[in-house]
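S.K.: Sequence:
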Amino acid sequence: MIPPNYFLILSIILFVLGVIAFFIKKDLLTMFMAVEVMLNATNLAFLSLARSANSIDGQVIVFFIITVAASEAAVGLAIILLVLRQKKTIKTEDIKLMKG
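Last residue of the sequence shown? That's 99 in numbering that gives the first Met the number 0, and every number before it is there in order.
These are computed hints drawn from the structure, not numbers from a lab. As the structure is a computational prediction, the values presented were derived from the model and not from experiment. Just so you know, even glycine gets a beta-carbon here, dropped at the ideal spot from N, CA and C. Possibly wrong hints are sitting among the right ones.
[Claimed, not checked] Lysine to aspartate or glutamate pairs mimicking EDC-like chemistry, simulated, CA-CA at most 16 Å apart:
| hint | residue 1 | residue 2 |
| --- | --- | --- |
| 1 | 90 | 26 |
| 2 | 95 | 26 |
| 3 | 25 | 93 |
| 4 | 24 | 93 |
| 5 | 87 | 26 |
| 6 | 86 | 26 |
| 7 | 24 | 71 |
| 8 | 24 | 35 |
[Unchecked claim] Restraint ranges, calculated between C-beta atoms of paired labels, are given here:
| hint | residue 1 | residue 2 | range |
| --- | --- | --- | --- |
| 9 | 7 | 66 | 19 to 27 Å |
| 10 | 52 | 93 | 43 to 51 Å |
| 11 | 5 | 94 | 35 to 43 Å |
| 12 | 21 | 50 | 26 to 34 Å |
| 13 | 5 | 86 | 21 to 29 Å |
| 14 | 84 | 0 | 45 to 53 Å |
| 15 | 55 | 23 | 33 to 41 Å |
| 16 | 66 | 5 | 25 to 33 Å |
Based on the provided sequences and hints, a complete structural model is requested.
M.R.: Laid out in structure tokens, this is it:
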């Protein structure tokens with residue numbers, strides 16, 4: 000059996016990679032995927048901590064996080080598609096949504 004510490008280390012690595020990708024990449028889709036990676040890294044951390052504590056609370060929390068992530072994914076992708084249709088690009092440098 001793999002120790003829970005390994006899963007925590009993997010979770011930290013995934014979260015850091017997600018943060019780096021979010022700040023380095025300049026298109027909306029990659030930034031959105033980076034947020035999803037960070038969210039799944041958090042889920043992995045919750046599950047590994049719940050497993051080490053022999054508790055079901057982590058699984059319940061992860062279930063609700065996955066539910067929220069599914070709705071966030073639907074809304075986020077819809078917004079990205081809307082921006083792509085209107086602006087013909089998803090590069091953050093080229094999009095000035097708040098400009099009148």
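S.K.: Against this structure, judge whether each hint is valid.
M.R.: Tested hints:
1. 90 with 26: Holds: residue 90 and residue 26 sit about 4 Å apart, inside 16 Å.
2. 95 with 26: This hinted pair holds, its Cα atoms lying about 13 Å apart.
3. 25 with 93: Holds. Residue 25 to residue 93 sits at ~10 Å (cutoff 16 Å).
4. 24 with 93: Judged against 16 Å, a Cα distance of about 14 Å means the pair holds.
5. 87 with 26: holds, 12 Å
6. 86 with 26: holds, 13 Å
7. 24 with 71: Outside the cut-off at roughly 20 Å; violated.
8. 24 with 35: Cα-Cα ~14 Å, so holds.
9. 7 with 66: 19 to 27 Å: holds, 23 Å
10. 52 with 93: 43 to 51 Å: holds, 47 Å
11. 5 with 94: 35 to 43 Å: Since the Cβ atoms of residue 5 and residue 94 sit about 40 Å apart, the hinted range of 35 to 43 Å holds.
12. 21 with 50: 26 to 34 Å: holds, 28 Å
13. 5 with 86: 21 to 29 Å: 43 Å Cβ-Cβ, so the 21 to 29 Å window is violated.
14. 84 with 0: 45 to 53 Å: This hint holds: roughly 49 Å between Cβ atoms.
15. 55 with 23: 33 to 41 Å: Taking Cβ atoms as reference, residue 55 and residue 23 lie about 37 Å apart, which means the hint holds.
16. 66 with 5: 25 to 33 Å: Because 27 Å falls inside the window, the suggested range holds.
Of the numbered hints given earlier, the model fails hints 7 and 13; all others are met.
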